[in-house]
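Residue numbers (this note's numbering), protein chains in the order written: chain A, 1 to 86; chain B, 1 to 450.
Hints may be right or wrong, so weigh each one.
Partner residues are not named here, just some residues of chain B that face chain A (Cβ under 8 Å, in silico) [as the list claims (entries may be wrong)]: (1) 10; (2) 13; (3) 360.
Listing some non-contacts, in silico: residues in chain B with all C-beta distances to chain A over 10 Å [to be verified]: (4) 47; (5) 59; (6) 75; (7) 76; (8) 107; (9) 199; (10) 224; (11) 260; (12) 336; (13) 352; (14) 375; (15) 405; (16) 408; (17) 442.
Derived DMTMM-like pairs (lysine to aspartate or glutamate); straight-line CA-CA distance at most 20 Å [what the hints assert, rightly or not]: (18) B/83 <-> B/96; (19) B/324 <-> A/72; (20) B/324 <-> A/64.
Hints are computed from structural coordinates only; laboratory data are not their basis. Every residue gets a Cβ at the ideal spot worked out from N, C-alpha and C, and that includes glycine.
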Amino acid sequence: MFDNLALSDNGFLFDTRTGSTYSLSSTGTLLLRSLIAGAAPDGLPAVLVDEFELDGRTAAQDVEQFLLRLRDLRLVASDTPPTEAV
Amino acid sequence: MSHMPYVKPTIIQHINSLANKHGRGPSRHSLERIDGVSLTELLERFGSPLFVFSERRLRQRVREVRRAFDLRYPKVQFAWSYKTNYLDAICMVMHDEGAWAEVVSEVEYELALRNGVPPTQILFNGPYKPLPALKNALADGSKVHLDHYDELYAAEQIARELGRKVPVTLRLNMDTGVHPRWDRFGFNLDNGEALSAIRRLHAGGHLELEGLHCHVGTFILDPQAYGRAAARLAQLAIDVRRETGVPVRTLDLGGGFASRATLHAQYAPGTDSTPPVDDYAEAIADALLSAGFPPDELPTLLLETGRSMVDESGSLITRVVANKRLANGARSVVIDAGVNVLFTSFWYRHDVLPVVDRGGMLEDTVVYGPLCMNIDVVRPSVLLPPLEIGDALVVRPVGAYNVTQSMQFIRLRPAMIMIGRDGEVDLIRRAEELDDVKRAEHLPARFRKS
Numbered sequence: 001m002f003d004n005l006a007l008s009d010n011g012f013l014f015d016t017r018t019g020s021t022y023s024l025s026s027t028g029t030l031l032l033r034s035l036i037a038g039a040a041p042d043g044l045p046a047v048l049v050d051e052f053e054l055d056g057r058t059a060a061q062d063v064e065q066f067l068l069r070l071r072d073l074r075l076v077a078s079d080t081p082p083t084e085a086v
Numbered sequence: 001m002s003h004m005p006y007v008k009p010t011i012i013q014h015i016n017s018l019a020n021k022h023g024r025g026p027s028r029h030s031l032e033r034i035d036g037v038s039l040t041e042l043l044e045r046f047g048s049p050l051f052v053f054s055e056r057r058l059r060q061r062v063r064e065v066r067r068a069f070d071l072r073y074p075k076v077q078f079a080w081s082y083k084t085n086y087l088d089a090i091c092m093v094m095h096d097e098g099a100w101a102e103v104v105s106e107v108e109y110e111l112a113l114r115n116g117v118p119p120t121q122i123l124f125n126g127p128y129k130p131l132p133a134l135k136n137a138l139a140d141g142s143k144v145h146l147d148h149y150d151e152l153y154a155a156e157q158i159a160r161e162l163g164r165k166v167p168v169t170l171r172l173n174m175d176t177g178v179h180p181r182w183d184r185f186g187f188n189l190d191n192g193e194a195l196s197a198i199r200r201l202h203a204g205g206h207l208e209l210e211g212l213h214c215h216v217g218t219f220i221l222d223p224q225a226y227g228r229a230a231a232r233l234a235q236l237a238i239d240v241r242r243e244t245g246v247p248v249r250t251l252d253l254g255g256g257f258a259s260r261a262t263l264h265a266q267y268a269p270g271t272d273s274t275p276p277v278d279d280y281a282e283a284i285a286d287a288l289l290s291a292g293f294p295p296d297e298l299p300t301l302l303l304e305t306g307r308s309m310v311d312e313s314g315s316l317i318t319r320v321v322a323n324k325r326l327a328n329g330a331r332s333v334v335i336d337a338g339v340n341v342l343f344t345s346f347w348y349r350h351d352v353l354p355v356v357d358r359g360g361m362l363e364d365t366v367v368y369g370p371l372c373m374n375i376d377v378v379r380p381s382v383l384l385p386p387l388e389i390g391d392a393l394v395v396r397p398v399g400a401y402n403v404t405q406s407m408q409f410i411r412l413r414p415a416m417i418m419i420g421r422d423g424e425v426d427l428i429r430r431a432e433e434l435d436d437v438k439r440a441e442h443l444p445a446r447f448r449k450s
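Looking at chain A on its own, in the form it has when it is part of the complex:
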């Protein structure tokens, strides 16, 4: 489902289907790259916790908001369930 997305290391994203472009923060880039590589949304908070000194609740909340934003921008299917904040 991410075949149409070209994501550079410095966070520039090009959607070949719509022609839209985006900028992502370094953590946004990390999360989207994980999704493109096949990671499940539920596993994304752990990616942040592993990478940064971050508590699980903040990681879960930030991932939830990020996935909602991806869904609003129609970069992920709307039926992708967001992770639940714990």
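Using the hints provided, position chain B relative to the given structure of chain A.
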């Protein structure tokens, strides 16, 4: 484990709209301290939101403005425009710097007296001066600016009762090229009303024309408008001298110089587009000095500068209370200070800066106040980094009009502090309490619960 600091995961869509030669806006920056005092510590000590005034900045600006005029014209007197900000501490700084008081109501007149201003150093302006206040002001030698014929007749009657000739100033309005034209105050110069009023005043024999006054408008970005007003006032003064033999001793050019705030409709920020005060001084002084007054009859130039003096000395510190995505995907934050204490948000694009910049991508953000009212928008669009609940923001410049025009509406009004020249921090107005709001009310006995 990464050595990079954590920033929130963010994605921002690029919007390709009309070209903007100035780019997307200001680069990100933050403001952790004012005059060396930590804003985070101030919030912990006094609560949020909090108005912060810098005495150092205020005095610097007053001296800068005064110097601009003193360099160019030999007889200048400033009068502090009370309605711009009548916190006692602000007024006392202004008077300590040599300013008289310019008041526009009997309430402000009383405030000036309480601050120790002699009546002879009070300019009494405005379209409505209740008769007792007008009597007191004329009897005590204040500089009363007459706004209309009914006030002229009332002043004549008072002079008759006092049994002496009383000096007054006539307020005038005229076309100075400023739109919208301010013609609701004073006598119109363009249609001859001003000259008729002056002749009537002299013919009455009870009043003496001491001065002429004109307030061009508010937030005037064209200094030449003042040049035109000064030239026309000066010409009228010379004509009156020729006709009556009595020199006009004061010319009052009012206030209205722009501060470095930015109007919503302005393209470039006020820091780039507001003319330096020297340009206003140059325009006014040039017009007066070239008008042809005899050297010994050069009138005193009075100025009622308000916003330009105080605006940049005031900041509001506020905390983020919520992050929210709007239905169209736009980002918004809710802060704990609304338009009830930031009245000038309706006209100005205030700077909104994080106190601490923790990095992250900037995104266009709507900044909402905490009021349950749709109009409570502090900034419709400003670039801000990701923010957490509790993060502090600085809103500036807010020193002019926000204190005097604030409303107790839904929420109580915040505390106000002044940072002194040596970094001392003083509470100059405590936070409002519920009893302050309810003290003036009276509940009829039939509604009281026994």
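Do the hints match the structure? See the list:
| no. | hint | verdict |
| --- | --- | --- |
| 1 | 10 | holds (4 Å) |
| 2 | 13 | holds (5 Å) |
| 3 | 360 | holds (6 Å) |
| 4 | 47 | holds (26 Å) |
| 5 | 59 | holds (43 Å) |
| 6 | 75 | holds (59 Å) |
| 7 | 76 | holds (53 Å) |
| 8 | 107 | holds (50 Å) |
| 9 | 199 | holds (70 Å) |
| 10 | 224 | holds (44 Å) |
| 11 | 260 | holds (31 Å) |
| 12 | 336 | holds (21 Å) |
| 13 | 352 | holds (20 Å) |
| 14 | 375 | holds (26 Å) |
| 15 | 405 | holds (37 Å) |
| 16 | 408 | holds (35 Å) |
| 17 | 442 | holds (49 Å) |
| 18 | B/83 <-> B/96 | holds (18 Å) |
| 19 | B/324 <-> A/72 | holds (13 Å) |
| 20 | B/324 <-> A/64 | holds (13 Å) |
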